[in-house]
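Please build the complex by placing chain L on the supplied structure of chain E, with the hints as guidance.
Protein chains: 2
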Amino acid sequence: MRISILGGGGFLGRKVAARLAADGKLGGEAIEALTLFDVVPPDPPAGARFPVHCVGGDVADLPADAIPDGTNVVFHLAAVVSAAAEADYDLGQRVNVRGTEAVINRCRKLAAPARVVFTSSVASFGGGQAARLADDARQVPTNSYGAQKAAAELFLTDASRRGFLDAVCIRLPTIIVRPGRPNKAASSFFSGILREPLLGLSTELPVAPDFAAWIASPRRAVEWLLHCASMDTTPMGLDRGINPPGLSVTVASMLNALDAVQPGASALVRRVYDPAIEKIVAGWPAAFEPLRSRTLGFSAHEPLVDLVRAFVADDLEATRKERGLA
Amino acid sequence: MRISILGGGGFLGRKVAARLAADGKLGGEAIEALTLFDVVPPDPPAGARFPVHCVGGDVADLPADAIPDGTNVVFHLAAVVSAAAEADYDLGQRVNVRGTEAVINRCRKLAAPARVVFTSSVASFGGGQAARLADDARQVPTNSYGAQKAAAELFLTDASRRGFLDAVCIRLPTIIVRPGRPNKAASSFFSGILREPLLGLSTELPVAPDFAAWIASPRRAVEWLLHCASMDTTPMGLDRGINPPGLSVTVASMLNALDAVQPGASALVRRVYDPAIEKIVAGWPAAFEPLRSRTLGFSAHEPLVDLVRAFVADDLEATRKERGLA
Numbered sequence: 001m002r003i004s005i006l007g008g009g010g011f012l013g014r015k016v017a018a019r020l021a022a023d024g025k026l027g028g029e030a031i032e033a034l035t036l037f038d039v040v041p042p043d044p045p046a047g048a049r050f051p052v053h054c055v056g057g058d059v060a061d062l063p064a065d066a067i068p069d070g071t072n073v074v075f076h077l078a079a080v081v082s083a084a085a086e087a088d089y090d091l092g093q094r095v096n097v098r099g100t101e102a103v104i105n106r107c108r109k110l111a112a113p114a115r116v117v118f119t120s121s122v123a124s125f126g127g128g129q130a131a132r133l134a135d136d137a138r139q140v141p142t143n144s145y146g147a148q149k150a151a152a153e154l155f156l157t158d159a160s161r162r163g164f165l166d167a168v169c170i171r172l173p174t175i176i177v178r179p180g181r182p183n184k185a186a187s188s189f190f191s192g193i194l195r196e197p198l199l200g201l202s203t204e205l206p207v208a209p210d211f212a213a214w215i216a217s218p219r220r221a222v223e224w225l226l227h228c229a230s231m232d233t234t235p236m237g238l239d240r241g242i243n244p245p246g247l248s249v250t251v252a253s254m255l256n257a258l259d260a261v262q263p264g265a266s267a268l269v270r271r272v273y274d275p276a277i278e279k280i281v282a283g284w285p286a287a288f289e290p291l292r293s294r295t296l297g298f299s300a301h302e303p304l305v306d307l308v309r310a311f312v313a314d315d316l317e318a319t320r321k322e323r324g325l326a
Numbered sequence: 001m002r003i004s005i006l007g008g009g010g011f012l013g014r015k016v017a018a019r020l021a022a023d024g025k026l027g028g029e030a031i032e033a034l035t036l037f038d039v040v041p042p043d044p045p046a047g048a049r050f051p052v053h054c055v056g057g058d059v060a061d062l063p064a065d066a067i068p069d070g071t072n073v074v075f076h077l078a079a080v081v082s083a084a085a086e087a088d089y090d091l092g093q094r095v096n097v098r099g100t101e102a103v104i105n106r107c108r109k110l111a112a113p114a115r116v117v118f119t120s121s122v123a124s125f126g127g128g129q130a131a132r133l134a135d136d137a138r139q140v141p142t143n144s145y146g147a148q149k150a151a152a153e154l155f156l157t158d159a160s161r162r163g164f165l166d167a168v169c170i171r172l173p174t175i176i177v178r179p180g181r182p183n184k185a186a187s188s189f190f191s192g193i194l195r196e197p198l199l200g201l202s203t204e205l206p207v208a209p210d211f212a213a214w215i216a217s218p219r220r221a222v223e224w225l226l227h228c229a230s231m232d233t234t235p236m237g238l239d240r241g242i243n244p245p246g247l248s249v250t251v252a253s254m255l256n257a258l259d260a261v262q263p264g265a266s267a268l269v270r271r272v273y274d275p276a277i278e279k280i281v282a283g284w285p286a287a288f289e290p291l292r293s294r295t296l297g298f299s300a301h302e303p304l305v306d307l308v309r310a311f312v313a314d315d316l317e318a319t320r321k322e323r324g325l326a
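The listed protein sequences correspond, in order, to chains E and L. Residue numbers are given in my numbering: position 118 of the first sequence equals residue 118, and the series is strictly consecutive. Residue numbers are given in my numbering: position 147 of the second sequence equals residue 147, and the series is strictly consecutive.
Extracted from the complex, chain E is given alone in its bound form (with noise of 0.2 angstroms):
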């Protein structure tokens, strides 16, 4: 078993290459060889026990060497994320779109067909607010980064058809708690509001309590890539979308988890509302039905509570020391 992991550098990237280093294994075989690429050449992760080559470049001109010949999974999760889409629209296209037909030209290439794993997005969706969508929905997006999502879920599921490669497209909620620092993405703050006040710093809640949202940890989502990494596709036929079970939770019900954890910590997240913001994340669908996943074998959602838990145990100390934080 050949692993790529494209965006091998970017939050969840890590996460799998941990969790491949630790396991040795994926699907029940053995891991061989692992690639890391991005536009700089990602760190291997921690104890490995097979050999680990990191590749640095760009997407949209991919050298060949990010997914050796004898590849056998990739994970496709480079991308240029909302806001930045939203405020560059030429390196959008370049990276999300031009991004993902080069990596169908190389796995084209390939002896055998890869299973390709592609970090699809929420943001594909419209709906907003009221929206409780059905597998079958039409993908409206409000935004560049979900059109071009959208299109690369097209390209990739037309080159399943034809045999070039072996695609699913995991359409992820927005991913809490990210560690680190807040980034350029619109959704940014729903991290924001668990991390900060956990690190005892205040941050801002740029939309109103009731604002909900569709998320989904970033234990889950790992989980869930390794499920696309190795589940029998057959079933999908044509259609290579899924909207994965994640949870549909309200920004006050976040705060309610938080304090759980922490008492008193949501007293850091003061309310200052950008229209800018919740233009963009108001948008995206707060809710789904996702029935497709459920018998696809997608694993079931924990509760919120424990999403913050988890973000203590996995990733508090590590964003501290990244922060410079006592």
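Treat the hints with caution; some may be incorrect.
Copies of the same chain look alike in the list, so a pair counts if it fits in one copy or across any two.
[Claimed, not checked] In the DMTMM-like style, the derived pairs of lysine to aspartate or glutamate whose C-alpha atoms are separated by at most 20 angstroms in a straight line are:
1. Lys109 - Asp88
2. Lys109 - Asp90
3. Lys109 - Glu86
4. Lys279 - Asp239
5. Lys279 - Asp136
It should be emphasised that the hints constitute simulated quantities derived from the structure, not laboratory data. Fair warning: this is a prediction, and the values are worked out from it, not measured in the lab.
Chain L in isolation, oriented as in the chain E frame:
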């Protein structure tokens, strides 16, 4: 009113150009200039009372004068058809995807957003013979052409939201009767079984007589395209795709209409099953419920027998000449 037709040398492009030349105006405004763009510079339409500029080139490397400064309306009809896009993946991606991105990038440079009328396709949907698709049906294409058209819709819709242009993406049914010769579209036989017998020639039917299809006449398609060019797009909101009110017909009903216009003509149609053709067309939906198109002012379709008579009136003689038939 300055207009460009990309794919101006094609079947529909020539019909739109001829209609503009005859009308001298579009949406009540006088036409000041027309540009026709295609791989080879198209011939100008007869009788135009405005300057016609004919340009040749590659749509994926679009020359600026294909859409001159000051252009108000772009008909983007340039495409690689279904069977050709299936046979040559790279060509389809280049013309159907990269070409549309080139149109967007050229339109971004115009002083005011142009109306872009884009011909998407019934082939951007799946569902097949049993389908009866609502306006919010998800596009699950069953071929590369359909995937490329659906992706192009996403980019044009996003570009509209961003204010780069003002697009209407009309998902044309299979257009019959096409004049001229059979082409590489998998749907070519839908026209062939009417056109060839009317020319006194035998032809092959690759599917069963009860095979159903979603079709429209060239006259109706031109009406719709002109409506797309002049309609108010405000009621469309973020969803710039439209399923027009075509006709759902069986092959048998087409042959009945043929015999109604020219008794006994259907005897020239021989049933020769072709699984490669059937595989492509069987994926396309055979019926829609196009309610939204009615509220947006798209005209209803005429009966099938009128469609056959219109081919005889509009295109039979020219087709006879073009093909050197007595």
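Going down the list of hints, with the structure as the test:
| no. | hint | result |
| --- | --- | --- |
| 1 | Lys109 - Asp88 | between (31 angstroms within a copy, 16 angstroms between copies) |
| 2 | Lys109 - Asp90 | between (27 angstroms within a copy, 14 angstroms between copies) |
| 3 | Lys109 - Glu86 | between (33 angstroms within a copy, 18 angstroms between copies) |
| 4 | Lys279 - Asp239 | between (30 angstroms within a copy, 17 angstroms between copies) |
| 5 | Lys279 - Asp136 | neither (25 angstroms within a copy, 23 angstroms between copies) |
Checked against the numbered hints above, the structure violates only hint 5.
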